[in-house]
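Since each chain comes alone in its own frame, lean on the hints to assemble the complex.
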Amino acid sequence: MIRKEAMRLILAKINSEPIVSANGFISRDLFELKDKPSNFYMIGSMGLASSIGLGVALKNPKKRNFVFDGDGSILMNLGSLTTIASLKPKNFIHIIFDNASHESTGGQPTATSKIRIKNIAKSLNYKVFEVKTKNEIENFFKKISSIIGPIMLIVNVQKSTIVSKRVDIPPIKIKNRFIDSLKN
Amino acid sequence: MKKNTQRKIFDFFVKKGFNDFIGVPDSTFSEFIRHGLKKNKIIITTREEEAIGVATGISLARNFSLVFMQNAGFANTLSTIASLVQLYQIPIIFLIGWRGYLKNDAPEHLKIGKIQPDLLKIIGLPSKILSQKNWKNSCVWALKKIQKNQPCALIVKREFYD
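Quick mapping for you: the protein sequence lines, in order, are chains X and C.
Reminder that position 177 of the first sequence reads as 177 in the working numbering, one-by-one numbering, no gaps.
The working numbering runs 1000 ahead of the 1-based position in the second sequence.
Extracted from the complex, chain C is given alone in its bound form (with noise of 0.2 angstroms):
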């Protein structure tokens, strides 16, 4: 995604209300994160769940909060989503990375890549892939589900392969 792009995503979401952006770095979306931490809104955690954690802790005093991770993050998360997020209806959104889907990605990507669309769809976190055209309408989706109680997740695919 161009780094244009990754900018507004982050200033969407900051216009919104969103102060706190937590989560483990993703080089698919750095640019998000390099803008995120210029305007100190960034917390980086050690792991994913830690991150959830304290984005819940920010969403029970009242505040928006994303959490953001690789994919191969997201498969750590699932039980921490099962048995906190969801348990709990905690409005999280999440911004996960997607790489590994490319036949020639790198091989510890290939198989958290393959079966990402189907843990999402398993675990019940409702998603939406990010495009250079329509990531708008999507970001809107997920504040309307975080407004109901309802934690989504928002993908970005990795279009470049280093």
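Here chain X stands alone, though its shape is the one from the complex (with noise of 0.2 angstroms):
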């Protein structure tokens, strides 16, 4: 499966639910796939999805709270997944398409063809979960209802040559339609 399809997957289970997307081309699958006011758009700031999604989720308790996460992206930020485990936010779920590449700028490979996330964020106990075809995605979404975060689905996906267009709302706009968004 490559990540638009597992994206395309996961949208059918979230609704009006804050996503916080990286940049790249994840933000890219994301607003091609469903736009919508509760997406935030990273389209700079490499590396900070997790970190902004915490920070959301921290003052959105009522709600579960995603973030649409890449390897490289993840990799990045690692440090990050020591703040969210010590603040333990119980509503929200991290996923990361784990392609083993940071395809946005041309297919390089990242660390994870060697090294498993999955593990690192065990250690670290968030709840994990690894996934590959759409009927664990499925599954994924059944079991976490009762599941305490934070929560870290890791989605792995073949790299692909489909481009999704780019996020072409500008910024200040994507920001002000979140926050409305949030308060419903």
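Hints may contain errors.
Unchecked claim - Here are the computed lysine-lysine pairs in the DSBU-like style, where the Cα-Cα straight-line distance is at most 30 angstroms: (1) LYS1039/C with LYS59/X; (2) LYS1121/C with LYS173/X; (3) LYS1016/C with LYS1103/C.
Simulated from the structure, these hints should not be mistaken for laboratory data.
Here is the structure:
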């Protein structure tokens, strides 16, 4: 499965709950698949999706808060996993689309072909799941309704040549509509 | 800066509705942090960019937040300030230590300390230096800035050498 297909399946399980999406192709896929005010598209600040998502989750305790991250992105900000794990946000669902590459910059390899993020997250007491298929994604969403976070879902995906369009909403508008969406 | 003043600055922001002070510690204002830890309002992150990310999320959920760091750490954050804080106009107050402006400071601080005022200017982050006398005016100024969605910085000079 490629990332965009996996993301489509995951989005079918998320309503108006906030999603903070990593810069690069992840935000672009999300924008093309299902644009909505509760998506916060990062278009810069490489690596910070997990941290922004943590801040949102801490102040938004009644909702599930999602982060759409990449393997390259989380490797840039591995320290954030220790901060998240120490603050233990119950409502934090960290989804990592792992294609073992920096696809947005030309497919250069990342270390996840050799090391397991899963083991790192487990050692930090994240509730960790790893999936590859449509069925496994659906099972994950059935399971997590009764699980207290922080939760990590690693979605193993293949590299792809499909490139989604750029996010063409001005950043300040992305921010303002996201802020308004949290009110509901 | 006197310990008492550091505590007053912290309490000022709490009174104005700040519940989250996020960052990487600096001995220049260690009393500010010690006081905040006691009140359970401090999040220590692994890096300064991470702190800005968390503060951004908190701000998106309509809460004030302050990010603190050393000036060496400030140099780490330039890209994040440009491509996140300024691009999206995220209202964050930065509290930044300043060492290296004294000629006899430790060698690792000299370069960044010397260029700190220029860095602030070039990146376009308006700033004021906090002093024993004027700290309150500067904090009020910063508060007004972020109420207009304008990020800004307050600088604490390191007046001692250890």
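Hints, verified against the model:
1. LYS1039/C with LYS59/X: holds, 18 angstroms
2. LYS1121/C with LYS173/X: Holds, at about 26 angstroms.
3. LYS1016/C with LYS1103/C: violated, 37 angstroms
Hint compliance for this structure: hint 3 is the single one not met.
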